[in-house]
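Based on the hints, put chain B with the ligands in the right spot on chain A.
2 protein chains.
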Amino acid sequence: MRISILGGSGFLGRRLAARLAADGRLGGRAISELTLFDLQPPDPPPAAGFPVQCLGGDIAQLPPAAIPDGTDVVFHLAAVVSAQAEADYELGRRVNLRGTDAVIDRCRRLAAPPRVVFTSSVASFSGGQGAVLADDARQVPANSYGAQKAAAELLLADASRRRFLDAVILRLPTIIVRPGRPNKAASSFVSAILREPLLGLHTDLPVAPDFALWVASPRRAVEWLLHAATMDSAVMGIDRSVNPPGMSVTVAAILHALDAVKPGASALVRRVHDPATEKIVATWPAAFEALRARTLGFAPHEPLVELVRAFIADDLDATRRERGLG
Amino acid sequence: MRISILGGSGFLGRRLAARLAADGRLGGRAISELTLFDLQPPDPPPAAGFPVQCLGGDIAQLPPAAIPDGTDVVFHLAAVVSAQAEADYELGRRVNLRGTDAVIDRCRRLAAPPRVVFTSSVASFSGGQGAVLADDARQVPANSYGAQKAAAELLLADASRRRFLDAVILRLPTIIVRPGRPNKAASSFVSAILREPLLGLHTDLPVAPDFALWVASPRRAVEWLLHAATMDSAVMGIDRSVNPPGMSVTVAAILHALDAVKPGASALVRRVHDPATEKIVATWPAAFEALRARTLGFAPHEPLVELVRAFIADDLDATRRERGLG
Ligand SMILES: NC(=O)c1ccc[n+]([C@@H]2O[C@H](COP(=O)([O-])OP(=O)(O)OC[C@H]3O[C@@H](n4cnc5c(N)ncnc54)[C@H](O)[C@@H]3O)[C@@H](O)[C@H]2O)c1
Ligand SMILES: NC(=O)c1ccc[n+]([C@@H]2O[C@H](COP(=O)([O-])OP(=O)(O)OC[C@H]3O[C@@H](n4cnc5c(N)ncnc54)[C@H](O)[C@@H]3O)[C@@H](O)[C@H]2O)c1
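In order, the protein sequence lines correspond to chains A and B. Letter 80 of the first sequence, counting from 1, is numbered 80 in UniProt numbering, and no numbers are missing. Letter 167 of the second sequence, counting from 1, is numbered 167 in UniProt numbering, and no numbers are missing.
So here's chain A without its partners, still in its complex pose (with noise of 0.2 Å):
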């Protein structure tokens, strides 16, 4: 079995990597191959007991060997962010749908059609905080990222359709706890509301209590990626997008969790006033009804707590290192 990560330095690229390595395995087959493809050259996952190759380049003019001849799975996770897409418009366009074109390019020259998986976002939806969305809700986007999504998703349902490969697209929730510093993204504060606490920091909280998002943990977007890799996809017919069973949460019950895992934490949390950031959000739809992934065997989402305690267990330390505290 050999796999492709593009995108391998990303947040869930290296977690994904790491599993690999660790599971040695994939659907049952043992790995001969891993290669990993981001801007620069990505560190290997450790302990790995399979060649590693690890390539720096543009995914826009993807180098063949980030897809090498032979390969079975792709995992193209690499793309320009919301934030960054909205900044820089051109940049969003040649690394999410341009490097998507380039990632069908290259599939259609292997001599048999590798598996895709492709992870799309909620963020090319809208409807708001009333909005439950049904397996068939249509992608109006609300931002650049999301439209580039969108677009990148049907390329992929088509070449599919014509057997150049054969893609799995998640539309992933916005994913917490994310390690690492506060960001200009809007979804900054959602991750910060935990792992600032935790880290014993003050945030900021710019929307109200009751603000409700669609989430998932990391390690449960890593499950789904691996099932995505490995399910059968002939069941999902022309229709190659599947809105995974992540969890719809208010700020309330995320800072109730923090609290339970570490009582009073939430103390640290400071609700602001910031109506740029609240303008943005208030068109992310908040639940999903995520029936078509259930048949599809995609696991359920692991309870709130669960989530706080995995990422105290997986990442906390290596923040705070980071982050120079200590």
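Take the hints with a grain of salt, since some may be wrong.
Simulated pairs of lysine to aspartate or glutamate, EDC-like, Cα-Cα distance not exceeding 20 Å [claimed, not checked]: (1) Lys262/A / Asp204/A; (2) Lys279/B / Asp239/A; (3) Lys279/A / Asp239/B.
Beyond 12 Å from chain B on every Cβ pair, some chain A residues (computed) [to be verified]: (4) Asp23; (5) Leu26; (6) Asp43; (7) Ala85; (8) Gly130; (9) Ala185; (10) Val261; (11) Ala267; (12) His273; (13) Asp314.
Here are the in silico distance ranges between beta carbons for each label pair [unchecked claim]: (14) Thr295/B / Lys279/A: 22 to 30 Å; (15) Pro300/B / Leu39/A: 48 to 56 Å; (16) Pro64/A / Arg25/B: 29 to 37 Å.
For the record, the hints were derived by calculation from the structure and aren't laboratory data. All C-beta atoms in this analysis are idealised placements derived from N, C-alpha and C, irrespective of residue type, glycine included.
Here is chain B with the ligands on its own, set in the frame of chain A:
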């Protein structure tokens, strides 16, 4: 009022240009200049009372002069249509997607964002005979042309949200009667079963008489294009696409209208068995609710018999001459 038509040599582009020349005005304002663009420089419409620039080139490398400074309205009709986009993947992507990107990029550089009227297609939907598609039906294309059109819709809606331009997108039904000859398009028979008998010629019918289709006349399509160019787009919000009010008609109803206009003509239509065509057309949706279009002021369709009479009035003689039928 400065207007550009991209795809100005096409079936609809020529009619639109002729109509603008005849009217001399659009939305109550005098037309001061018309630019026509296509692979080869289009012929100017007869008797225009304003200057007409005719330019040749590839839309994927759009020359700025195709959308001159100060352009108020762009009709973006240039396309590689379904049979060709299916046969040549790169060509379809280049014209239908890169071409649309080039239009966006040119419009961004104008001092004021022009109205861009884009023609998407019923072929971006699937669902088949049973479906009656609501206005929020999701596009699950079963062909590359439809996938490229749906992706182009997303890019134009996003460009409108960013105020690079101001798009109104029509998902046109199959336009009948197309003049000319039968061709390799799966939809060729829909026009042929009217056009050929009116020319006194035999033609093949590859589907059953109760097969239903979503159609519109070229006259009505031109009306809709003009309305899309002049209507208030702000009421559309971020969703710039509309399913205009075509007609859901069966093949039997088409043949009935034919006989009403030319008694006995349908005897020239011969039912044949053509599983390849049947398989393609089986995915086409046969009916839409088209409620939003009515709210937005798009004119409902005229009866089928009028459509047949309009073809005779507008096109039959020219078609006879073109085809050397005396
Ligand atoms: N994390 C989330 O909350 C979330 C939610 C929905 C969807 N997604 C999607 O999941 C995927 C992974 O998300 P993530 O959080 O790991 O993102 P990330 O930003 O951490 O990783 C994306 C990676 O893509 C790489 N990249 C950017 N431009 C590139 C280029 N031109 N060539 C090659 N590589 C390039 C980046 O260097 C980065 O390592 C992305 O496609 C993202 O859009 C993520
Ligand atoms: N006619 C229909 O039944 C129908 C139905 C739905 C949608 N549409 C859409 O409406 C529009 C007009 O349709 P039509 O029937 O007039 O199509 P058409 O094929 O007659 O016209 C399209 C024009 O685009 C031009 N073109 C192709 N490639 C080009 C390139 N690289 N650069 C510049 N010009 C290029 C062609 O030369 C042609 O003149 C198209 O966008 C089509 O997809 C048509």
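### Cβ separation check - Ala85/A to all of chain B, threshold 12 Å
10 Å, violated
### Minimum Cβ-Cβ distance from Leu26/A to chain B exceeds 12 Å
Non-interface label stands for Leu26/A: nearest chain B Cβ at 29 Å, farther than 12 Å.
### Task
May I ask you to test the hint 48 to 56 Å on the CB atoms belonging to Pro300/B and Leu39/A?
53 Å, holds
### Query
Using the C-beta atoms of Thr295/B and Lys279/A, is the stated range 22 to 30 Å upheld?
Given range 22 to 30 Å: holds, Cβ gap about 26 Å.
### Query
Is it the case that Gly130/A keeps its Cβ farther than 12 Å from each residue Cβ in chain B?
The assertion about Gly130/A holds, with a minimum of 15 Å to chain B.
### Task
Would you check whether the claim that Val261/A is not at the interface survives, using Cβ distances to chain B and the 12 Å cut-off?
39 Å, holds
### Task
Could you check that no beta carbon of chain B comes within 12 Å of the beta carbon of Asp23/A?
34 Å, holds
### Message
Over 12 Å from every CB of chain B: does Ala185/A meet that, or does the non-interface label fail?
### Response
18 Å, holds
### Query
Should the hint that Pro64/A and Arg25/B are 29 to 37 Å apart at their CB atoms be regarded as holding?
Given about 56 Å between the Cβ atoms, the range is violated.
### Message
Can you confirm whether the C-alpha distance between Lys279/B and Asp239/A stays at or below 20 Å?
### Response
18 Å, holds
### Task
Could you let me know if the closest chain B CB is still more than 12 Å away from the CB of His273/A?
25 Å, holds
### Query
With d taken as the least Cβ-Cβ distance between Ala267/A and chain B, does d exceed 12 Å?
39 Å, holds
Comparing the model with each numbered hint stated earlier shows that hints 7 and 16 do not hold.
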